[in-house]
Amino acid sequence: MCLAIPVRIVEVLPDQQAIIELSGLRKEISTALIDSVAVGDYVILHVGYAIGKLDTAEALRTLAMFGELAAATEPGTIQ
Amino acid sequence: MKYIDEYRDGDIAAKIGQRIAAEVDPARRYSFMEFCGGHTHAISRYGIAGLLPTNVRMIHGPGCPVCVLPIGRIDLALSLALERNVIVCTYGDTMRVPASGGMSLIKAKARGGDIRMVYSASDALRIAADNPEREVVFFAIGFETTTPPTALAIREAAARKLGNFSVLCCHVLTPAAITHILESPEVRQYGTVPIDGFVGPAHVSIVIGSDPYVHFAQTYRKPVVIAGFEPLDVMQAILMLVRQVNDGRYVVENEFARAVTAGGNLTAQALMDQVFELRDSFEWRGLGEVPSSALRIRERYAQFDAERRYALAYRAVADNKACDCGAILRGVKQPADCKIFGTVCTPENPVGSCMVSSEGACAAHYSYGRFKDIALVAA
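Chains D and A, in that order, are what the protein sequence lines are. Position in the first sequence (first residue = 1) + 737 = the numbering used here. Position in the second sequence (first residue = 1) + 250 = the numbering used here.
Hint data in this document are derived by calculation from the structure and do not stem from the laboratory. Mixed in with the good hints, there may be bad ones.
Claimed, not checked - Calculated pairs, DSSO-like style, for lysine-lysine (alpha carbon to alpha carbon, straight line, at most 30 Å): (1) D:Lys764 with A:Lys622; (2) A:Lys411 with D:Lys764; (3) A:Lys252 with D:Lys764.
Unchecked claim - Part of the chain A face toward chain D, derived, beta carbon under 7 Å: (4) Tyr253; (5) Pro315; (6) Asp343; (7) Arg346; (8) Pro398; (9) Pro399; (10) Leu402; (11) His453; (12) Ile456; (13) Arg508; (14) Ala509; (15) Asn515; (16) Thr517.
To be verified - Pulled from the structure, derived: some chain D residues nowhere near chain A, Cβ distances all over 10 Å: (17) Val747; (18) Pro751; (19) Ala775; (20) Val776.
All C-beta atoms in this analysis are idealised placements derived from N, C-alpha and C, irrespective of residue type, glycine included.
The following block holds chain D by itself, in its conformation from the complex:
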């Protein structure tokens, strides 16, 4: 029910609407629930509405954290 996915804004339309792209699919969504939006932003899409923005720097930081963790558990490394 709370299904939501990160999608990329490819076009900003009037009346707080925007076109998003996801794996080649384009769809018009509402951006009325977020303050500002620009082409290239990633937003979290839920039932046709962007409910928040995706912080790409934080996304990379979380991935880096997984990576460090993976490296730290390689056999033979000092833990």
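Given the coordinates of chain D, assemble chain A onto it according to the supplied hints.
Only chain A this time, still in chain D's reference frame:
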């Protein structure tokens, strides 16, 4: 898909699993509740339970809006469609939820009820605009993730003076439900459901932020780690919970920092506050009446409130006696403990609500989890 696939890497998941195994205290048991159905689904679908040490157990929580929707609320929507000739619009998830007398919205549709499945609240508005001679009710369910779009639809209906549109509001609140579980006798007195910490909601927290969990983490001394719905997010959150338990800490941590902030989405919160107010009490399937756990439409938008408009009176209806959904939603039982699981009750023919939504504990276990208990036979 960018920002999804990277969080599903099996090799890294296995390594986080090894890290968890290295850090757990073998002398104790760890029980964590994942509140959300989205997490329940991820745990079953990606076999996360199999990556955890045997002394770490995940307990499924009641965070599936479809599963906690009581029969009486669906009966209200059915009466609008079948007795008042209203067009009832609803998310696909609610279509097959069992109601009184073996009915469901999809069966009512087969009997001629004008029930339409929509993807978005704005689709329901469009149906109202396209059918000015008919009355249209949007049967709105969901947690804080799904509430802001409903608020926008009501505000837009008011602005466009769509007099034939109203909303049957069944939106419920997450923090109230978590508090209710912690206050339940099973957790407080009997200790039959030991909970050492929570994997906190993902998309709900985008809207409400991480701050609302601070109070109960401190009050009940339970760690909370907010996590995304991808498997690596869940694994990492479990590791963070294990570390908090080992250190004797009980704070709110945010693994889902790519989307969740401390304060949440203030625009969405202001909008919800403008359109909705707290109900004194609301019935949840499995939990019973929970105080201050749901929203209703404010007086200023009364004409868009289907409960006022059609003078609907809520009547509680008991669940099917054979069904263990209530105990499963409280974390007291597991799906396989229910005697009708997988035999009488299946996703194709659900008896209880936990078998309806793919995020329900029973449907998730039926689709993925039950196979791990079946021995492999060489061909």
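Here is how each hint holds up against the structure:
1. D:Lys764 with A:Lys622: violated, 39 Å
2. A:Lys411 with D:Lys764: The hint holds at about 27 Å.
3. A:Lys252 with D:Lys764: holds, 17 Å
4. Tyr253: Interface hint status for tyrosine 253 of chain A: holds (4 Å vs cutoff 7 Å).
5. Pro315: holds, 5 Å
6. Asp343: Hint on aspartate 343 of chain A: holds, closest Cβ of chain D at ~5 Å, below 7 Å.
7. Arg346: Since the shortest Cβ distance to chain D is 13 Å, the answer is violated.
8. Pro398: Hint on proline 398 of chain A: holds, closest Cβ of chain D at ~5 Å, below 7 Å.
9. Pro399: It holds, given that the least Cβ distance between proline 399 of chain A and chain D is near 5 Å, below 7 Å.
10. Leu402: holds, 6 Å
11. His453: holds, 4 Å
12. Ile456: holds, 4 Å
13. Arg508: Where the cut-off is 7 Å and the nearest Cβ of chain D is about 4 Å from arginine 508 of chain A, the hint holds.
14. Ala509: This interface hint holds because 6 Å falls under the 7 Å limit.
15. Asn515: Result: holds, 5 Å to nearest chain D Cβ.
16. Thr517: holds, 6 Å
17. Val747: Per Cβ check, valine 747 of chain D is outside 10 Å of chain A; nearest 13 Å; holds.
18. Pro751: holds, 15 Å
19. Ala775: Label holds. Min Cβ-Cβ 16 Å, cutoff 10 Å.
20. Val776: holds, 16 Å
Hint violations for this structure: numbers 1, 7, all remaining hints satisfied.
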